[in-house]
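Please take these sequences and the hints and turn them into a complete structure.
If you want the building blocks of each chain, they are given just below.
Protein chains: 2
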Amino acid sequence: MSKKSLTKRSEDYSLWYNELVKKADLAENSDVRGCMIIKPHGFAIWEKMQRKLDDMFKETGHENAYFPIFIPKSYLSKEASHVEGFAKECAVVTHYRLKASEDGKSVVVDPEAKLEEELIVRPTSETIIWSSYRNWIQSYRDLPLLLNQWANVVRWEMRTRLFLRTAEFLWQEGHTAHATAEEAVAETEQMLDVYADFAENYLAIPVLKGVKTESERFAGALDTYCIEALMQDGKALQAGTSHFLGQNFAKAFDVKFADKDGKLEYVWGTSWGVSTRLMGALIMAHSDDSGLILPPRLAPKQVVIVPIYRSDEDLEKISARVEEIMQDLRKAGISVHYDKRDTQRPGFKFAEWEMKGVPLRLAIGMRDLENNQIEVARRDTFEKTSHSLDGLTEYVQAQLEAIHENIYQKALEFRKANTHYVDSYEEFKQILEKDGGFIYAHWDGTAETENAIKNETKATIRCIPLDNPQEEGTCIYSGKPSKQRVVFAKAY
Amino acid sequence: MSKKSLTKRSEDYSLWYNELVKKADLAENSDVRGCMIIKPHGFAIWEKMQRKLDDMFKETGHENAYFPIFIPKSYLSKEASHVEGFAKECAVVTHYRLKASEDGKSVVVDPEAKLEEELIVRPTSETIIWSSYRNWIQSYRDLPLLLNQWANVVRWEMRTRLFLRTAEFLWQEGHTAHATAEEAVAETEQMLDVYADFAENYLAIPVLKGVKTESERFAGALDTYCIEALMQDGKALQAGTSHFLGQNFAKAFDVKFADKDGKLEYVWGTSWGVSTRLMGALIMAHSDDSGLILPPRLAPKQVVIVPIYRSDEDLEKISARVEEIMQDLRKAGISVHYDKRDTQRPGFKFAEWEMKGVPLRLAIGMRDLENNQIEVARRDTFEKTSHSLDGLTEYVQAQLEAIHENIYQKALEFRKANTHYVDSYEEFKQILEKDGGFIYAHWDGTAETENAIKNETKATIRCIPLDNPQEEGTCIYSGKPSKQRVVFAKAY
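The listed protein sequences correspond, in order, to chains B and C. Okay, so the first sequence: first residue is 45 according to this note's numbering, each after it adds one. Okay, so the second sequence: first residue is 45 according to this note's numbering, each after it adds one.
Simulated from the structure, these hints should not be mistaken for lab results. In this text, all values refer to a predicted model and were calculated from it rather than measured experimentally. There could be a bad hint or two in this list.
Same chains, same label: a pair holds when it works inside one copy or across any pair of copies.
[Said to hold, decoys possible] Calculated cross-link-like contacts (lysine to any residue; reagent style SDA-like; alpha-carbon spacing at most 25 Å):
no.	residue 1	residue 2
1	Lys-345	Asp-488
2	Lys-304	Lys-384
3	Lys-428	Leu-413
4	Lys-66	His-85
5	Lys-52	Ile-378
6	Lys-143	Asn-108
7	Lys-92	Gly-377
8	Lys-122	Glu-55
9	Lys-96	Gln-371
10	Lys-527	Ser-121
This is the structure we're talking about:
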């Protein structure tokens, strides 16, 4: 395989993904098992996501805070299903000091510096946060409490994959406290809407909104809402979750408030999060065999300009004009980069920016300069147009919008084409093997059937869509009666 | 002590600080030893610092990336002085799984899930980053490499204090790689200037720029540059450091590059960082017995407006006008909050915003409305002025600038008044005990003298100022000859 070209998606989707992540300089594996290094280009995209999501959280009344990375072991145990969900993948700190080995040649853990109680590197922060909420909440006046934190978390996964499943990942976790169940449910649903809005309007990925079945719920939640996206290989990816926690954590950590009549009640809670996994969704939803395709609203560099020149004198003339173009573009809020490296040829630069997913590439040579024009190439369609330098900013703006719309529509059409309604288990298995995609099928509502299907086919129930149409039917597996179809898929 | 008032600085500076941090809702101790919880108001200030610093790093050509939180134990040992500096305060991960205890009542560490090699929660990231640089750097074309990361780090401190010294803290760490020593030194100095610029123009704190003595250097550096600020109790606070690493980490991790002639050379490095410690500096440099005083350029809410009203009808009229005022202020880039809570009286609100350090408080009642005016109160001087609603935005803008200038000048004058030149050890000890402050004194340049003075007086050499005037003198402690004065102080 040459250094530049990618394995084709049709040949090996999984290899294509791994190669793309590395060649587009997004991330790589570190020497620490399962932990990734997010490289500058990847991190710049994540930063754009963070900024936008953070704005959306603040617009809906949330504030940021920061809680400790360590959780005392005993805290995890306070909510029974929570500890069951996380105990098997915890990084445990047991000591707080190293010392020189006896031969003086290395360092060893100092056995005398053993912690009385082990500390867990947070896999999620409900327990440490609700333990604080006990001190912060006394009365209905202290509610709602609407906090979020941006943090790193660790879950000791055995099989890891860059962005999709890593031992350490970056995320945000919202943790809110409310006086009533209704208000907490409304918050859970609001944040799901925020995530769906972000997915569609920034990632340019259509998502299904739904609720998880009991066996797929967050450990400690009464209800888990989710957004599910479909990748180009027909597998689903859970892109965000929002949990209605009921009073589970309030009871585990004894968080009560006095209502207006002075009566003590347990507080209602929610939590919700998205992570660097979204990077995986972004890559797999849009990109092609030439590399990454970035949704324009999340592209750190929306436009790259490449000069085509023979002499230093030409370059100087071109550069002078490019400076003006860049000023205009920047005034319009467009981020633009001028690639005037003299160590690389234009063809190399074109391929590099294609691989890195820059939405629009502008190229300008002496002939263009004389004709007052510039070449505009779209990353999503590879279309090239010569456009006048007059009105260029407006054209670029319109093209960026057009790219967003185009890749969103393409993903939506792909989802439509890969959404199936099946009424028999045979058909279910056939479609699952052949095309994948979202499969709407009747299910009898039991965990037994859900597990049996999962064990036999690797397909899971991704969600029960919100506002799901109710219809009589029979379970494709057990033949028992069913009131609605649910969405099955193989998933990341 | 009432819930509202603080212990006076003159009575107990240390207690005043602790109370202020809690009452201004900046941070609190968590249940995890030495780890703090940064509360929303504190975190909002930190976010403003982050944004501005991040902009400054990007303007000087740096990109963000993210490296793993865990460092294999063996990596720490590769640079000899580095491991010596950090081994004694490392949080060590030894296991990756918990399991139910035999009685089923709690969870215990699963002894079968022991890591082959222990992982250290990063106290700083030189080792894991230089281990990556080995793969990223081959040729002079790959240099300079200018990266930064925003991260949490852990140093197991035995005596902790909110913001000033905590087991976990938030920071940024820049890590750069260069082809020549000169370029690396220039980078080290440039980042020191960025920090000093930020301290003076955003924190409103004058700082001394200098270099550390050998014994105060970062573990693994050839030179540590620092900015030192003086707090109101006469103690110094190191507010940022920038390290010239020479080729130490390149040698430890075998990072070489081919120069233009194809010759292999070790790479030159720097690292530089500031942390949530800056929150401590901000608090201690400016605040008073009524609470926090925020420098306007870092205040999350620069202006708070409080309505003074008797009836709902009045409130409605006032609010309508306030909406217009806020629109104008926001257009001018001023962040403003309207505090129309009906659960609290104006006096309570005034005290609360004073405690939280909001630079300008505006109050408006029916009489003001009729007279087309508003009351403007400055947090730094407590001055109150009635100002016409015409031209209010310009006035507010000017007042915010005036507050920045005033608190900076106040801190500068305090530093001048508390800067002493002494020529005898007796005088040195007297001033140190009585007033503290920066003490310029001759030192013989030996670590022995430095340590002796430290042991006897707790004063350390904060720095040797940049461009330090050279003058003949004799060491205040040993009487040996000296070429320059250095700056001593007790420090946080």
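- Go through the numbered hints given earlier and state which of them the structure violates, listing their numbers in rising order. 1, 5, 6, 8 and 10
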